[in-house]
Amino acid sequence: MHNTWVIFRRELASYFATPLAYVFIVIFLVLAGALTFFLGNFFDRGQDDLVSFFSFHPWLYLVFIPALSMRLWAEERKSGTIELFLTLPVSLSAAVLGKFFAAWAFAGIALILTFPFWITANILGSPDNGVILASYIGSFLMAGGYLAIGSALSALTKNQVIAFVLTAAVCFLFTVSGSTVVLGFLQNWAPAGVQDSVASFSFYSHFNAILRGVIDLRDAVFFVSVMALFLYANAVIVDLTKAD
Amino acid sequence: MDAMIDVRHLTRRFGPVTAVNDVSFSVDRGEVLGFLGPNGAGKSTTMKVITGFLAPTGGTAVICGADIVENPIAAKRHIGYLPEGAPAYPDMTTLGFLRFIARIRGFSGADAERRIDLAVNRTALGGVLAQSIDTLSKGFKRRVGLAQALLHDPDVLILDEPTDGLDPNQKHEVRTLITELAPSKAIIISTHILEEVDAVCTRAIIVAQGRLLADGTPSQLEARSRHHNAVRLAISGEAPDAATALLRLPGVQSVEPVDDAEGAGLMIFPREGHAIVSEVTDLVRTAGWPIAGMRVERGRLDDVFRAITAPAA
Numbered sequence: 007m008h009n010t011w012v013i014f015r016r017e018l019a020s021y022f023a024t025p026l027a028y029v030f031i032v033i034f035l036v037l038a039g040a041l042t043f044f045l046g047n048f049f050d051r052g053q054d055d056l057v058s059f060f061s062f063h064p065w066l067y068l069v070f071i072p073a074l075s076m077r078l079w080a081e082e083r084k085s086g087t088i089e090l091f092l093t094l095p096v097s098l099s100a101a102v103l104g105k106f107f108a109a110w111a112f113a114g115i116a117l118i119l120t121f122p123f124w125i126t127a128n129i130l131g132s133p134d135n136g137v138i139l140a141s142y143i144g145s146f147l148m149a150g151g152y153l154a155i156g157s158a159l160s161a162l163t164k165n166q167v168i169a170f171v172l173t174a175a176v177c178f179l180f181t182v183s184g185s186t187v188v189l190g191f192l193q194n195w196a197p198a199g200v201q202d203s204v205a206s207f208s209f210y211s212h213f214n215a216i217l218r219g220v221i222d223l224r225d226a227v228f229f230v231s232v233m234a235l236f237l238y239a240n241a242v243i244v245d246l247t248k249a250d
Numbered sequence: 002m003d004a005m006i007d008v009r010h011l012t013r014r015f016g017p018v019t020a021v022n023d024v025s026f027s028v029d030r031g032e033v034l035g036f037l038g039p040n041g042a043g044k045s046t047t048m049k050v051i052t053g054f055l056a057p058t059g060g061t062a063v064i065c066g067a068d069i070v071e072n073p074i075a076a077k078r079h080i081g082y083l084p085e086g087a088p089a090y091p092d093m094t095t096l097g098f099l100r101f102i103a104r105i106r107g108f109s110g111a112d113a114e115r116r117i118d119l120a121v122n123r124t125a126l127g128g129v130l131a132q133s134i135d136t137l138s139k140g141f142k143r144r145v146g147l148a149q150a151l152l153h154d155p156d157v158l159i160l161d162e163p164t165d166g167l168d169p170n171q172k173h174e175v176r177t178l179i180t181e182l183a184p185s186k187a188i189i190i191s192t193h194i195l196e197e198v199d200a201v202c203t204r205a206i207i208v209a210q211g212r213l214l215a216d217g218t219p220s221q222l223e224a225r226s227r228h229h230n231a232v233r234l235a236i237s238g239e240a241p242d243a244a245t246a247l248l249r250l251p252g253v254q255s256v257e258p259v260d261d262a263e264g265a266g267l268m269i270f271p272r273e274g275h276a277i278v279s280e281v282t283d284l285v286r287t288a289g290w291p292i293a294g295m296r297v298e299r300g301r302l303d304d305v306f307r308a309i310t311a312p313a314a
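Residue numbers (this note's numbering), protein chains in the order written: chain A, 7 to 250; chain G, 2 to 314.
Chain A extracted, bound-state conformation (with noise of 0.2 Å):
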């Protein structure tokens, strides 16, 4: 616990040691704010809730995300950090935890520094702030599952271009196994089954519900079991690589 409090301090401190950080966040800003502005028709809808910003954050997370994990495993392999992080008396689990917190950390940061959406929206109307409380939490939960897919690919290489890669193409399939495309793509073939566990495997259709106002525990525990489940791998995958 102590310990992985001291790699989640030192990780997130990592993040904002060079500018970089700062880049990350006004870009994921402006393009959140693009994307409800000009895809979203914030102020055409004429209506006072933020369905329009929250809708983009499955696609706006398919860019950001893999950019924040991607150095998570990949740069301590590159640069032989790993061999004295692993050497000092910490498990392979608070290592995990301690990284993945710290980025996750970071996520919930840019998230809430998009709060002048919700204060545009206060002002304009009257939005129901318990739908715009639980978006928030389905965001960060829905960031967080992302995050964890990232982390684990993250470890399997020691390019970060290909982690990023690797992991924008790996959410995306997570995102869009619920969509119609993939969907009817699997209609006249596969088994009502598969096209179920299909379907209930997409962070869009989960966010989705999340964004009715509802945090439905299903989905709560759909994103947590992602976590567990990536992080895990991420364990093993780190475990298995670490040699070469």
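By construction, these hints were calculated from the structure, which means they are not laboratory data. A quick note: this is a predicted structure, and the numbers were derived from the prediction, not measured. Beta carbons are placed, not taken as given, at the ideal position from N, Cα and C, and that holds for glycine. A hint or two may mislead.
Chain A side only, calculated, beta carbon under 7 Å to chain G, not exhaustive [claimed, not checked]:
(1) 9
(2) 12
(3) 18
(4) 20
(5) 23
(6) 51
(7) 85
(8) 86
(9) 87
(10) 89
(11) 90
(12) 92
(13) 93
(14) 95
(15) 249
Straight-line distance between alpha carbons at most 30 Å, and here's what the computed DSS-like set of lysine-lysine pairs gives [said to hold, decoys possible]:
(16) G:172 / G:186
(17) G:139 / G:186
(18) A:164 / G:186
(19) A:164 / G:139
(20) A:164 / A:84
(21) G:139 / A:248
(22) A:84 / G:172
(23) G:139 / G:172
(24) A:248 / A:164
(25) A:84 / A:248
(26) G:186 / A:248
Take the given structure of chain A and dock chain G to it, following the hints.
Same frame as chain A, but now just chain G:
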């Protein structure tokens, strides 16, 4: 007392390649063990297994009573480790990095600061505390790695090529440091610089192709050299029959002309176990050769190293 480092039948395979093959040795407090071998001999792999970075395929290492396989965290607490190339987080400052190491090793507050001070003084890092590690020179980076390994005053120090890439002054500093630390610790250093073994090690082992091939004090190893007790003779004038005359001495095995940086001369090799220096001096005096220099060789580690590690032809 049990040895502080006890390596038992350690084996590590990477797929079909056996990098470390049934290696056993132990190191006591006060010993500095030189770990020698050609590149790719399994030195680094052995160290990675002892420090708990890699799991062994077979066998184990016991550090101060804690088994690295069964009880890795307890064992790691006793170890200060400098990995090959002294990796450190490049975006951190020297002080930030040492604070991180102190915290993760469970020190806080004044205790942590005192330990950091001590390690910084020992490795002369005072001037670069606020500098980020990626701006440091190679020598400083190496010292940051050493400071990190010394921070918790470990019983066991494992240093993978601690002087690699340093200039002669820096090498000397690191060796002095190791010698200072030696009495209270068990130390393993890996190196392929043989002079280092003479300079700091109380014992040396030689590995090649994953196997432990020799284990002894540096002088024991030198005694295995064919140069051990050989006499080097430099004759300044004409003495055409010197070689033949020397060969007739009862203790002499062979005589070879040498011509190297020291100049030209004759290398006189003794028969196994003979000391020939007095025979040679007597002969030189009777024959009246003009002598420019004469020296008894202690034996050469690099001879032994080559003889032991050369792949069987």
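Verification of the supplied hints:
With 7 Å as the threshold, the beta carbon of residue 9 of chain A comes within range of chain G, its nearest partner Cβ sitting at about 6 Å, so the hint holds. Interface restraint check: residue 12 of chain A against chain G, minimum CB-CB distance 5 Å, threshold 7 Å, status holds. Interface restraint check: residue 18 of chain A against chain G, minimum CB-CB distance 12 Å, threshold 7 Å, status violated. With a least beta-carbon distance of about 5 Å to chain G, the hint placing residue 20 of chain A at the interface is held under the 7 Å criterion.
The interface hint given for residue 23 of chain A is met, as the beta carbon of that residue sits about 4 Å from the closest beta carbon of chain G, less than 7 Å. A cut of 7 Å between beta carbons decides the hint on residue 51 of chain A: the least distance to chain G is about 43 Å, and the hint is violated. Proximity of residue 85 of chain A to chain G holds as hinted, the smallest CB-CB distance being about 6 Å (cut-off 7 Å). Given the 7 Å rule on beta carbons, the hint for residue 86 of chain A holds: about 4 Å separates it from the nearest Cβ of chain G.
Taking 7 Å as the C-beta cut-off, the interface hint given for residue 87 of chain A holds, the closest approach to chain G being about 4 Å. This hint holds: residue 89 of chain A has a C-beta 4 Å from the nearest C-beta of chain G, less than the 7 Å allowed. At its closest, the beta carbon of residue 90 of chain A sits 5 Å from a beta carbon of chain G; the interface hint therefore holds under the 7 Å criterion. With 7 Å as the threshold, the beta carbon of residue 92 of chain A comes within range of chain G, its nearest partner Cβ sitting at about 6 Å, so the hint holds.
Annotation: interface hint on residue 93 of chain A holds; nearest CB of chain G at approximately 5 Å, less than 7 Å. Annotation: residue 95 of chain A was flagged as interfacial toward chain G, and the flag holds, the nearest CB pair being 4 Å apart, inside 7 Å. With its C-beta approaching chain G no nearer than about 6 Å, residue 249 of chain A sits inside the 7 Å limit, and its interface hint holds. Proposed proximity of residue 172 of chain G and residue 186 of chain G is supported: the alpha carbons are some 20 Å apart, at most 30 Å.
About 26 Å separates the Cα atoms of residue 139 of chain G and residue 186 of chain G, which keeps this hinted pair within 30 Å; it holds. Between the alpha carbons of residue 164 of chain A and residue 186 of chain G the distance comes to roughly 36 Å, so the proposed pair goes past 30 Å and is violated. Distance hint between residue 164 of chain A and residue 139 of chain G is fulfilled; the C-alpha atoms sit about 23 Å from each other, no more than 30 Å. The straight-line distance between the Cα atoms of residue 164 of chain A and residue 84 of chain A is roughly 5 Å, inside the 30 Å bound, and the hint therefore holds.
Of the supplied pair hints, the one linking residue 139 of chain G and residue 248 of chain A holds, its CA atoms being roughly 24 Å apart against a limit of 30 Å. For a cut-off of 30 Å, the pair hint linking residue 84 of chain A to residue 172 of chain G stands: about 27 Å separates their Cα positions. With a C-alpha separation of about 12 Å, the suggested pair residue 139 of chain G and residue 172 of chain G falls inside the 30 Å cut-off, and the hint holds. For the suggested pair residue 248 of chain A and residue 164 of chain A, the alpha carbons sit about 10 Å apart, so the restraint of at most 30 Å is met.
In summary, the hint linking residue 84 of chain A to residue 248 of chain A is supported, as the alpha carbons are separated by about 10 Å, within the 30 Å threshold. A C-alpha spacing of about 29 Å is found between residue 186 of chain G and residue 248 of chain A, which places the hinted pair at or below 30 Å, so the restraint holds.
Comparing the model with each numbered hint stated earlier shows that hints 3, 6, 18 do not hold.
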